[in-house]
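Visitor: Each chain, letter by letter, is given below.
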Amino acid sequence: NAGVTQTPKFQVLKTGQSMTLQCAQDMNHNSMYWYRQDPGMGLRLIYYSASEGTTDKGEVPNGYNVSRLNKREFSLRLESAAPSQTSVYFCASSLTFSGTVNTEAFFGQGTRLTVV
Amino acid sequence: DAKTTQPPSMDCAEGRAANLPCNHSTISGNEYVYWYRQIHSQGPQYIIHGLKNNETNEMASLIITEDRKSSTLILPHATLRDTAVYYCIVRVVETGANNLFFGTGTRLTVIP
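Going down the list, the sequences are from chains R and G.
The first sequence begins at 1 in the working numbering and counts up by one.
The second sequence begins at 1 in the working numbering and counts up by one.
Watch out, some of these pointers could steer you wrong.
What the hints assert, rightly or not - Label pairs and their in silico Cβ distance ranges: (1) I74(G) - Q17(R): 43 to 51 Å; (2) T54(R) - T65(G): 48 to 56 Å; (3) S84(R) - P7(G): 40 to 48 Å.
Stated by the list, open to error - From chain G, some residues computed to sit far from chain R (all C-beta separations above 10 Å): (4) S9; (5) P21; (6) N23; (7) S41; (8) P76.
Said to hold, decoys possible - Partial selection, computed: residues in chain G whose CB lies under 7 Å from chain R: (9) P8; (10) C12; (11) G15; (12) G50; (13) N53; (14) F102.
These are computed hints drawn from the structure, not numbers from a lab.
Just so you know, even glycine gets a beta-carbon here, dropped at the ideal spot from N, CA and C.
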């Protein structure tokens, strides 16, 4: 049982290049999330997917797009990378999407992205 | 949205109890208090959560005041491996989202 798996673990991009960060979970969770963490700061939500087929913006969605490919996979795409997107990206999943059910979130180990 | 306030850093001697405080004075009646920690640069790890009653699991205890305006995470016997940033989070429900908003947390250093 791998939990939440992110690929790649490290990536260096040139300004203007595009790339997709992959995330997969094997816990049959409904909800998935993408966060970014800048040095010395907490995590900020980029996008989330409450359930398969739905996606919504979080706190800092500009410059990113997401795809909930199926229940297991949730990808984050940078269409034209900028140095301001240098960060550590974390994917997470949780069991249930609901306004009243509080479930814990499980996080991947992160993707360290540098844009030069 | 209820926000949380935590001290930026704390030290604790190895083997002693670590008590991490959190203020959430604007918490709503149906909002839970969650605690996560992040060891070095790893992904955050869930510790515990509660609504109004005190909670205990194999990792920690959570004490929530009667008025729910503050809480304390207790690591009963801190080890060096407990050195991490600890986040106190109040779960926000916005347009039905089950998301977590992280602040900057408390950096706990366990000293040998």
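Visitor: If a hint holds in the structure, say so; if it doesn't, say that too.
Guide: Verification of the hints:
no., hint, verdict
1, I74(G) - Q17(R): 43 to 51 Å, "holds (47 Å)"
2, T54(R) - T65(G): 48 to 56 Å, "violated (37 Å)"
3, S84(R) - P7(G): 40 to 48 Å, "violated (30 Å)"
4, S9, "holds (12 Å)"
5, P21, "holds (17 Å)"
6, N23, "holds (16 Å)"
7, S41, "violated (7 Å)"
8, P76, "holds (21 Å)"
9, P8, "violated (10 Å)"
10, C12, "violated (21 Å)"
11, G15, "violated (28 Å)"
12, G50, "violated (10 Å)"
13, N53, "violated (14 Å)"
14, F102, "holds (4 Å)"
In the structure shown, a violation is registered for the earlier hints numbered 2, 3, 7, 9, 10, 11, 12, 13, in ascending order.
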